[in-house]
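Residue numbers (my numbering): 28 to 215.
Mixed in with the good hints, there may be bad ones.
Computed list of lysine to any residue pairs in SDA-like fashion (alpha-carbon distance at most 20 angstroms, straight line) [claimed, not checked]:
1. K97 - D123
2. K192 - I77
3. K97 - L86
4. K190 - D75
5. K97 - I77
6. K139 - K163
7. K110 - S174
8. K195 - I141
Honestly, the hints are just simulated from the structure, not real lab data.
Owing to the predicted nature of the structure, the values given are computational and were not obtained by experimental measurement.
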Amino acid sequence: MSKQFIKQCQNLIKKTKTYQNSMINFSIIALFLTISFASNALTDEEQDFILLGDNFKNLPKVINGQTKIKYWGNVSIEQGSLKIKAEDAIVFNGKDGISSVVLTGKPVTMEKIIDQEFGKINVTANKITFNVIDNKLLMTGKVVINSKLQGEMSGENISMDLKTKEIKGNNANGDSRVKLIIKPKSKK
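Start from the sequences and build out the full structure, keeping to the hints where you can.
Put into structure tokens, the structure is as follows:
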């Protein structure tokens with residue numbers, strides 16, 4: 028073998044090792060960035076509360092330290108995984124920001140990822156009162172809640188605490204019942 032050929036092989040090995048080290052370093056940096064972004068991910072409550080509508084009117088009269096803003100026409104709310112669509116909304120705003128939102132429509136629709144275990148819920152109702160401070164929902168009028176974990180719940184009055192995941196239904200007007208449908212697990 029010629030000395031030149033051996034020298035070329037040695038240079039090639041050096042370049043290959045440099046390339047491999049670069050790829051390993053790149054992979055480690057990418058892993059740390061992924062972990063860093065995941066640990067800094069904002070919860071729904073820490074993200075901006077975005078409310079849109081075709082029209083709005085500020086009702087400047089202060090009652091109990093709060094003002095009202097009325098939105099109507101193609102109303103939508105987004106905050107992280109929370110997405111709500113309605114015909115009308117009244118926003119109650121105090122010195123600490125939005126305290127609650129009352130949404131009406133035929134129907135109001137809502138979806139939200141509760142957490143990794145509970146998963147996503149889909150809600151339809153004629154009215155949803157969202158208490159932003161306590162993170163609670165009061166749903167009235169032809170309420171249907173679907174979730175992979177809990178099945179399908181329906182009734183005229185259902186409340187949900189989004190922090191504790193507690194759901195309560197009651198027979199408010201005496202002529203309807205609260206219903207829960209749980210699908211059997213499919214056998215594979």
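To see whether the hints hold, each was checked on the structure:
For the hint pairing K97 with D123, the CA-to-CA distance comes to about 19 angstroms; that is within 20 angstroms, so the pair holds. With a CA separation close to 23 angstroms, the supplied pair K192 and I77 exceeds the 20 angstroms bound. Taking the CA atoms of K97 and L86, the gap is about 7 angstroms. The hint holds against a cut of 20 angstroms. Of the supplied pair hints, the one linking K190 and D75 holds, its CA atoms being roughly 18 angstroms apart against a limit of 20 angstroms.
In summary, the hint linking K97 to I77 is supported, as the alpha carbons are separated by about 14 angstroms, within the 20 angstroms threshold. Restraint check: the Cα-Cα separation between K139 and K163 comes to about 13 angstroms, which is no more than 20 angstroms; the hinted pair holds. For the proposed pair K110 and S174, the alpha carbon gap of about 15 angstroms is at most 20 angstroms, so the pair holds. Using a Cα cut-off of 20 angstroms, the hinted pair K195 and I141 holds, with the two alpha carbons roughly 16 angstroms apart.
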